[in-house]
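Student: Okay, here's what each chain looks like letter by letter:
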Amino acid sequence: MKRILVLLAIALVVFLPAMEGVSNGIGNVDNGCNCHGGGSASEQVNVVISGIPDVYNGSETYQLTVTITGGPNEGGSNSGGFNLHANGGTFTPLDDHTRLISEPNKGVEITHTTEGNDVREWNVEWIAPIDDTNEITFRAYGNAVDGDGVNSAGDLWNSHIVTVEGLNSDGGPILDLTNLAWWLIIITILGSVAAVVLLMIRNPAVDKKTVMHWLTTTNHKDIGMLYLWTTLLFTLIGLALSLLIRIQLIVPDNDFMTGGLFNEAVTMHGAVMVLFAISPMSFAFANYIVPIQIGAKDMAFPRLNAMSFWLILFGGLVAASGFFFGGAADAGWTFYSPLTSIEYSPGAGISLAGAGLVLLILSVTFSTINFLVTILQMRTPGMPLMKMPMFTWNILFTVILMLAVFPALLSAVLMLVGDRVFGTLFFDPSIDGTTWWLHIFWFFGHPEVYIVLLPGLGMAMEIIPNMVRRPLYGRKTIIFSLAVASVISVLVWAHHMFITGINPTFRKFETIGTELVSVPFGLIYLSLLATFYRSKPDWKKLPLAFVAGAIGIFLVGGITGVYLSSVAMDVNLRGSYYLVAHFHYTLGSVAVMTLGGIYYWYPKMFGRMMDQKLGYYHFWITFIGINLTWIPLFGLTDMPRRIYFYQESAGWELAHLIASIGGFVVFAGQLLFFYNFWRSMKHGEVAGANPWDGSTLEWAVSSPPPVHNFDDSFVYPLTQESE
Amino acid sequence: MKNMRAFTIIFLSIAMLMLTFGSIIKWFQEPGTGAHAEVYDELFLVYWGLGCAVAVAVYGFFLWLVTTEVEEEPIDAPYLGQIPIERGSVKLSWSLTGIITVFLLLLSSVTFSSIDFFETPELEEDSFTVQVTGWQYYWEYQYPNGINYTGAAGEPLRIPVDTPVVFEVIGGDVFHSFALPEHRIKVDALPSRPNIGWILAEETGNYPIRCYELCGADHAAMIGELEVMEKEAFDQWYSGGEGQ
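The listed protein sequences derive, respectively, from chains Y and F. With the first letter of the first sequence counted as 1, position 356 gets the number 370 in this note's numbering; the numbers rise by one all the way through. With the first letter of the second sequence counted as 1, position 197 gets the number 360 in this note's numbering; the numbers rise by one all the way through.
Please note that the accuracy of each hint is not assured.
[As the list claims (entries may be wrong)] Below, simulated SDA-like cross-link-like pairs (lysine to any residue); rule was C-alpha separation at most 20 Å, straight line:
| # | chain 1 | residue 1 | chain 2 | residue 2 |
| --- | --- | --- | --- | --- |
| 1 | Y | Lys311 | Y | Gly396 |
| 2 | Y | Lys550 | F | Leu228 |
| 3 | F | Lys254 | Y | Leu543 |
| 4 | Y | Lys550 | F | Asp398 |
| 5 | Y | Lys554 | F | Pro237 |
| 6 | Y | Lys554 | F | Ala240 |
| 7 | F | Lys394 | F | Asn308 |
| 8 | Y | Lys522 | F | Pro284 |
| 9 | Y | Lys550 | F | Gly251 |
| 10 | F | Lys394 | F | Thr196 |
Rather than coming from a laboratory, the hints here were simulated on the basis of the structure. Nothing here was measured: the structure is a model prediction, and the numbers come from that model.
Make a model of the complete structure from these sequences and hints.
Tutor: This is the structure we're talking about:
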């Protein structure tokens, strides 16, 4: 092994000069200095290039010095020669000791003149290339000549190779361990993995089953559990990234992170939270609960279901892996062109995110088909479509929306990757590719918001009637409202591009359409509230507290969203922190609803209740934390989003200080939640089959349910007496 | 039960306070100036007032529901394995639909008159067009008489006071967004085609120009300056090149 390495090293030293166009023979003067003495480099000679910066700035001029020490005949006439090559920038001779090599490396290769033969130190000027995103490699070859002027016998040579980064180079050090932010990223990722593994191991179901079982399972409940672990992991990563952002903005002019790393954190926080955390977490419950709710024994295509899970897991890991391959995607989760082109984002991050997204879209497409067939074809006899449980209804609309819009994202991502990898020109600015990307991305991106929202609403529609002991108000109204909202949602994408110069008439249509979205959601919202009419709410039950808190938060998100739907208001609010606060209120309320869902179905999945006292602490900390984080940021209508520092003169520091404290409060609350989750698996109160007096079918089976959910004697509906 | 009522009251009060606070805090931020700001701030006031009214009404409704309208023994409490029961009135749904729709359409009409004002420059004799190009991470300005410079070294974009000036904005490399927050003006700078915005500055002074679309690692540093000058001073600079 050692011998092979030595041989390789020798081969490298011998062939590299040849590859770089440096001639090896004596006499070919025009091609510059030759390596005298033949054979391999000599350790007696020391060649050094000095004056090279650690990181170069585009177009800046640097003075470099090549020095030779050691070897025969130190000093004196005919004592040395050199040859310096760089794969970028241009050299200029400073005096008559050096000259440029004419062809083919004119400008990038420099050597000594006859006069320069008598010294062992040469000064040259190097002007860095304009583009400072690449690495530049300098190769200096130096001869220590014995001065006989006859031939090269007795002369010795050596070389010095230096690589220098550009200021905006993406191919930089993989991890910058001198930066505190990097340590935090590493610690949180390892910590998240450890936390989730701890939870998994503690799961009473795991002890009985081998690792092989979890790798090969096709049971919908096991896959739901796998979804839950995975999305908890991604949620922790997303939360940790949000904390990095909050630390960076806590004081003006903070230098905790660089602009590039901040952009990576912002981008990956958005992409992970929207695409890999909140939405799939509701699909953990969709997998676990929906088949039981409709009285089925499993999903329609169990193996396809397993494939969906493994695709989403690897999709998320591939997308996030960019952090360790020279930088994650950093163009914002909306990936606006042309910043995503290979020209402006040469790193691997965006291509990796694209690959991760393709895996995600495959997963989503398989899930969609699976859920459609399951919900439409596998309901137990006696359950017509209109009598399905509301969570199942919401999942049905969610998967229909997914089927409608994820192909748009797939085509967008494939075209983007084509542009980046194969040199196609789909999003070239010369054919208005920027607007093209906006249209195709938001055609997906707007309904995606409803794809995230609907399962959360479905949980609220299950929890509220159950815990106020009255049926859901306006069930049919809600179902038709959901249908109308789904249709409108695919027609209003252009409200994300109000001031990009689209057709003014189209824009007015989009304004009206967007405001009309408020009609079905207003009805749904009021129906949820009206369910409380003449009811008996039991506030001691945790899921109700979470859902009530979530609909309180959702109202703020909804009303501030009406401001944004106005094209004239959007002129000023677009791209500001007001917008960021708005969508964190809507998505934050979905997250809180999902937490309610976890508290609601935890007893079904693990057979034990979560601790109520800890749960209330968790609720209050989360509720106050979310408001503390985002209310101040509504005020920053003039602060651009995604900026990594702000001046003290801007007057934004108080709002950001409060928001950062709020961010830490939210994170602390979630740690409490994880502790409760972990603790209750062993120490929680034993739940029994129906701890909440639920009416839907998941409460008719044991906790956790048997492998095939129902035995053959099961008939729907159950009569009240058979309880 | 009383305990839990207290819980609800606290929770809803916090929510209401927070919404109100969040909307009001906007007025502690930098005040607007210029013709656009008058129109915009009026519009914001309309939305803000209606938003607060709706929020207070909805939270109030919720509070009323959970505190006063409590039934000790609901007659139709859900039981296991039942077929879901319909509850509520279809007429109420339709009338609510009508009310919300009309309300929103009225809001839209207010919006449309404002956006028409924002996007139809009211030109005067001495109006002119400045071509603004966004680069990573500075702005370039091109005046009709050939003056052309960038803001990279901190040189401001100069315009005269009380004169409508049109900006023709384009992205030189990537997608930027040219904005004057105090004047309530924002124009997306796409690299593929120019967009139009205009300004009628009413007060002299210096104002920041910000980029509102993520444009790369130093997006945060892409801050330019707008200098609104007295007409004479501007004319002197504009004709002689060296006014300032």
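Student: Any of the earlier hints contradicted here, and which numbers?
Tutor: 4
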